[in-house]
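There are 2 protein chains.
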Amino acid sequence: MADFVEIKSPADFHVHLRQGELSKVVTPHVRKGGFDLAYVMPNLKPPITTTDQALAYKKTLESIDGGVEYLMTLYLSPDLTPAEITKAKKNGIVGVKSYPRGVTTNSEGGIESYEAYYPVFEQMEKEGMVLNLHGEVPSDAANNTCVLNAEATFLPHLFKLHARFPKLRIVLEHATTRAAVDAVKSCGDTVACTITAHHLAITVDDWAGQSFNFCKPVAKYPDDRQALRQVILEGHPRFFLGSDSAPHPAHTKSTATPTDPCAAGVYTSPILLALVAHLLESFGALHRLQDFVSGFGRRFYDRPARHGVSPIVLKRVKGVKIESKWPLGDDDSVIPFWAGRELGWEIEA
Amino acid sequence: MADFVEIKSPADFHVHLRQGELSKVVTPHVRKGGFDLAYVMPNLKPPITTTDQALAYKKTLESIDGGVEYLMTLYLSPDLTPAEITKAKKNGIVGVKSYPRGVTTNSEGGIESYEAYYPVFEQMEKEGMVLNLHGEVPSDAANNTCVLNAEATFLPHLFKLHARFPKLRIVLEHATTRAAVDAVKSCGDTVACTITAHHLAITVDDWAGQSFNFCKPVAKYPDDRQALRQVILEGHPRFFLGSDSAPHPAHTKSTATPTDPCAAGVYTSPILLALVAHLLESFGALHRLQDFVSGFGRRFYDRPARHGVSPIVLKRVKGVKIESKWPLGDDDSVIPFWAGRELGWEIEA
Numbered sequence: 007m008a009d010f011v012e013i014k015s016p017a018d019f020h021v022h023l024r025q026g027e028l029s030k031v032v033t034p035h036v037r038k039g040g041f042d043l044a045y046v047m048p049n050l051k052p053p054i055t056t057t058d059q060a061l062a063y064k065k066t067l068e069s070i071d072g073g074v075e076y077l078m079t080l081y082l083s084p085d086l087t088p089a090e091i092t093k094a095k096k097n098g099i100v101g102v103k104s105y106p107r108g109v110t111t112n113s114e115g116g117i118e119s120y121e122a123y124y125p126v127f128e129q130m131e132k133e134g135m136v137l138n139l140h141g142e143v144p145s146d147a148a149n150n151t152c153v154l155n156a157e158a159t160f161l162p163h164l165f166k167l168h169a170r171f172p173k174l175r176i177v178l179e180h181a182t183t184r185a186a187v188d189a190v191k192s193c194g195d196t197v198a199c200t201i202t203a204h205h206l207a208i209t210v211d212d213w214a215g216q217s218f219n220f221c222k223p224v225a226k227y228p229d230d231r232q233a234l235r236q237v238i239l240e241g242h243p244r245f246f247l248g249s250d251s252a253p254h255p256a257h258t259k260s261t262a263t264p265t266d267p268c269a270a271g272v273y274t275s276p277i278l279l280a281l282v283a284h285l286l287e288s289f290g291a292l293h294r295l296q297d298f299v300s301g302f303g304r305r306f307y308d309r310p311a312r313h314g315v316s317p318i319v320l321k322r323v324k325g326v327k328i329e330s331k332w333p334l335g336d337d338d339s340v341i342p343f344w345a346g347r348e349l350g351w352e353i354e355a
Numbered sequence: 007m008a009d010f011v012e013i014k015s016p017a018d019f020h021v022h023l024r025q026g027e028l029s030k031v032v033t034p035h036v037r038k039g040g041f042d043l044a045y046v047m048p049n050l051k052p053p054i055t056t057t058d059q060a061l062a063y064k065k066t067l068e069s070i071d072g073g074v075e076y077l078m079t080l081y082l083s084p085d086l087t088p089a090e091i092t093k094a095k096k097n098g099i100v101g102v103k104s105y106p107r108g109v110t111t112n113s114e115g116g117i118e119s120y121e122a123y124y125p126v127f128e129q130m131e132k133e134g135m136v137l138n139l140h141g142e143v144p145s146d147a148a149n150n151t152c153v154l155n156a157e158a159t160f161l162p163h164l165f166k167l168h169a170r171f172p173k174l175r176i177v178l179e180h181a182t183t184r185a186a187v188d189a190v191k192s193c194g195d196t197v198a199c200t201i202t203a204h205h206l207a208i209t210v211d212d213w214a215g216q217s218f219n220f221c222k223p224v225a226k227y228p229d230d231r232q233a234l235r236q237v238i239l240e241g242h243p244r245f246f247l248g249s250d251s252a253p254h255p256a257h258t259k260s261t262a263t264p265t266d267p268c269a270a271g272v273y274t275s276p277i278l279l280a281l282v283a284h285l286l287e288s289f290g291a292l293h294r295l296q297d298f299v300s301g302f303g304r305r306f307y308d309r310p311a312r313h314g315v316s317p318i319v320l321k322r323v324k325g326v327k328i329e330s331k332w333p334l335g336d337d338d339s340v341i342p343f344w345a346g347r348e349l350g351w352e353i354e355a
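If you're matching them up, the sequences are chains X and B in order. According to this note's numbering, the first sequence is numbered sequentially starting from 7. According to this note's numbering, the second sequence is numbered sequentially starting from 7.
These are computed hints drawn from the structure, not numbers from a lab. Accuracy of the hints is not assured; some may be wrong.
[Stated by the list, open to error] Here are the simulated distance ranges between beta carbons:
(1) X/G335 to B/T258: 25 to 31 angstroms
(2) X/G73 to B/Q236: 57 to 63 angstroms
(3) B/Q236 to X/T258: 36 to 42 angstroms
(4) X/E27 to B/S69: 52 to 58 angstroms
(5) B/A148 to X/A311: 36 to 42 angstroms
(6) X/T66 to B/T258: 37 to 43 angstroms
(7) B/F289 to X/A122: 31 to 37 angstroms
[Unchecked claim] Some chain B residues near chain X, calculated using beta-carbon distances under 8 angstroms:
(8) T57
(9) Q59
(10) Y63
(11) N150
(12) V224
(13) D229
[Stated by the list, open to error] If we take Cβ atoms under 10 angstroms as the criterion, some of the chain B residues that face chain X in the derived model are:
(14) T55
(15) T56
(16) Y120
(17) K166
(18) A345
(19) G346
(20) G350
All residues carry an ideal CB built from backbone N, CA and C; glycine is no exception.
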């Protein structure tokens, strides 16, 4: 058992950096968590639907922490035109994120049907932009659709888009099921898949009655978690880390009243690299850490690690606990995943 | 559409009346909710494992509200002997409740294997006592068992017990799945099944991120809820109400911290008859109300309605909301299911 692990240029290919005060707290946590690339989600209020918005947002993030490479995305909506895709590409925007309507945080403007966006996808394919899919259908009791099968029920959309746009790079985000893993594997090299840290740790039992483990997609069965672990263990190059680190003010995560559900999201940024090392080691995949947190994602996105950057050194530790909370303003906080629990690794200062 | 419905002697064949201060608050809610029979669960601290304990508990409940018929149960544990079964029967104890270890509130002393209890079951069969099964197996990630399939995975135990003790009356409590409904249907007339009010209302989507809807067994898929509704609609005589009304102090239901999960349980007692009427009407089964909340259960348990008791009159209402909470001591409360929502029926005073 090694006591030190060196990781070159960790890249988080799915992260929520929010806006306002919350953004000032969580954006520096990308580097604190060990990462120097953040693929930034566009589901702000209002959503990032234009190149100009994305560039302004990027500037804001750079003003908070200039030491991270921010890859920007647009929110798929009727505002998005093929001409805007061309403009976005010219300005360094990397991808477009699709949210089915109403399934997660700030997705009220999400899409209901993909056909209307075919001209946009065609232009994206031509320009080499990436389509990032939140792969869930909305719940519909009449069709027995709920949070448990929302992802599996979405997969035919993935197949249809891939068949229609075989050269379009598509990422199925935050896969949580064996069905999704098998689906992505069965696609061609233009289809990849992100896996979060927390979905390697938890199952439905962990968010049953515990809102701080509640996120979308929800964690599923133990066998689904096993499929996520297995595909990392086998080193499949189209499966890589996207943390979906999604901070919320703590008061919106607790369920102190019986009215609305709490906000969906698990916050892993400040502990991300150590957490992933801890988890991969727990199922014998520590030797895949470099590929999973950097190599595979960087290759798919064609974003090689920068030269001359020192690797991040993780050292084995005992008795080191995850912070219980990060202050947010005077009377709120952001609570990280596994708050107060021990991790087996930490970044050497 | 009738504006009044009369129901004779509603009987709740599964309710938690707790102990101490909480019991003083919730026990009177049996009658307030429209019921004059309560089949009382034994999972206190310590559990009710002897006839003497059960009789003392019954006296306590009667001192709180003497207007309800309390049917008492014992907690299946190694303390329970065939001799104790005989004594229990002589003293009017009706059933024995089995909890798999660790699956719900105060089940740490639950059973792990049934074979050891065969002599007890044999005596119960002889004496005509009822075996009440909490039909879930404990979670076990290595076998892909979790809260979602814990009930379906339990069903072979039901079949085995029924085959070994065909004359023993068995109730599969609080069924939540189509698999459980089908299983009970396939058994002989000695096997019945309770259904709660809340499982007729909610699915997994309702407790995802909302701890006040979290209970064990957890609500499952929409199709499972449909199976529960359907078996009531068809008037199957071995399926009847057991509310599993399970009050907890509100502070133990909210998830204000990221450590332990909240308490499992949904509290329906104070609104029970109106709630069940509301729900049955929502799927066209209001005409089954009398059988579901009284006739079928009373027949299975051989507890005919008392003569000369006035029926409960439900009247159709608009704009009447469920109480948001019931005070518990100086600084806590008990929060009912659907707090603050409107019901279409209420009991006429």
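Against the structure, the hints:
no.: 1; hint: X/G335 to B/T258: 25 to 31 angstroms; verdict: 28 angstroms, holds
no.: 2; hint: X/G73 to B/Q236: 57 to 63 angstroms; verdict: 60 angstroms, holds
no.: 3; hint: B/Q236 to X/T258: 36 to 42 angstroms; verdict: 37 angstroms, holds
no.: 4; hint: X/E27 to B/S69: 52 to 58 angstroms; verdict: 55 angstroms, holds
no.: 5; hint: B/A148 to X/A311: 36 to 42 angstroms; verdict: 38 angstroms, holds
no.: 6; hint: X/T66 to B/T258: 37 to 43 angstroms; verdict: 42 angstroms, holds
no.: 7; hint: B/F289 to X/A122: 31 to 37 angstroms; verdict: 36 angstroms, holds
no.: 8; hint: T57; verdict: 34 angstroms, violated
no.: 9; hint: Q59; verdict: 29 angstroms, violated
no.: 10; hint: Y63; verdict: 27 angstroms, violated
no.: 11; hint: N150; verdict: 4 angstroms, holds
no.: 12; hint: V224; verdict: 6 angstroms, holds
no.: 13; hint: D229; verdict: 4 angstroms, holds
no.: 14; hint: T55; verdict: 27 angstroms, violated
no.: 15; hint: T56; verdict: 32 angstroms, violated
no.: 16; hint: Y120; verdict: 24 angstroms, violated
no.: 17; hint: K166; verdict: 25 angstroms, violated
no.: 18; hint: A345; verdict: 5 angstroms, holds
no.: 19; hint: G346; verdict: 7 angstroms, holds
no.: 20; hint: G350; verdict: 20 angstroms, violated
The structure is inconsistent with the numbered hints 8, 9, 10, 14, 15, 16, 17 and 20, although it conforms to all the rest.
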